[in-house]
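What follows is the residue order along each chain.
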Amino acid sequence: EPEVTQTPSHQVTQMGQEVILRCVPISNHLYFYWYRQILGQKVEFLVSFYNNEISEKSEIFDDQFSVERPDGSNFTLKIRSTKLEDSAMYFCASSERVSSYEQYFGPGTRLTVT
Amino acid sequence: AQSVAQPEDQVNVAEGNPLTVKCTYSVSGNPYLFWYVQYPNRGLQFLLKYITGDNLVKGSYGFEAEFNKSQTSFHLKKPSALVSDSALYFCAVRDDYKLSFGAGTTVTVRA
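These protein sequence lines are chains A and B, in that order. Residue numbering for the first sequence follows the numbering used here, beginning at 1 and increasing consecutively. Residue numbering for the second sequence follows the numbering used here, beginning at 1 and increasing consecutively.
All the pointers check out, no bait thrown in.
Where chain A lies over chain B, by a calculated footprint (3+ residues, C-beta under 8 Å):
no.	segment
1	32 to 40
2	45 to 58
3	98 to 105
Straight line, CA to CA, 27 Å or less: simulated DSS-like cross-link-like pairs of lysine-lysine:
no.	chain 1	residue 1	chain 2	residue 2
4	B	Lys69	B	Lys58
5	B	Lys49	B	Lys69
6	B	Lys77	B	Lys22
7	B	Lys69	A	Lys42
8	A	Lys42	A	Lys57
9	B	Lys77	A	Lys42
10	A	Lys57	B	Lys49
11	A	Lys78	A	Lys42
12	B	Lys22	A	Lys42
13	A	Lys57	A	Lys83
14	B	Lys22	B	Lys58
15	B	Lys22	B	Lys69
16	A	Lys42	B	Lys58
17	B	Lys49	B	Lys22
18	A	Lys42	A	Lys83
19	B	Lys58	B	Lys77
20	B	Lys49	B	Lys77
21	B	Lys49	A	Lys42
None of these hints come from the bench; they were simulated from the model. Backbone N, C-alpha and C define an ideal beta-carbon position, used for all residues, glycine too.
Based on the sequences and whatever the hints tell you, model everything.
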């Protein structure tokens, strides 16, 4: 069964450093998403991406964040200058089309900012 | 904005007993509702959805959910719980392109 994959599973970085989180969505999916879950809190939406552009973003997704689909398979989330409060589990998700409604999630990348 | 609430942080049941995880929603228009499950160190796994049609929807692993418009609820149910159902369960509602999640309910099924 096709799955969303994410690398790395755990990333430790120092405050102020740039990080890139990588995702490979399910191959025939067209819509891509990033969510995050701070420890003990609910899953929060960051951004959705379709047709090589952002379709929606949350207040969390400020200028420090960017997304890219550099090739036909990868979908990346970049945080330019990490802060302590960026420490969280980051989930990538994809859906076949917007009308399919359900999104399929990857296993997550745990980002720890020290 | 669309939102869901999960009133219980934890649900504890004995194996073989019915399991119910509660969710209520607040939406404008027709709700598109989902249940996801998260096992330790794993991502969110899709269980089931309600878009339209029958109020009782069936999903993976023997789970079902009942959509109740008058009570604005979408409770997740399983007639006979297994120890392996112990996990974190999230209710979610579609809000434009994104999903808005509830806070989650930790289910513990004791043998």
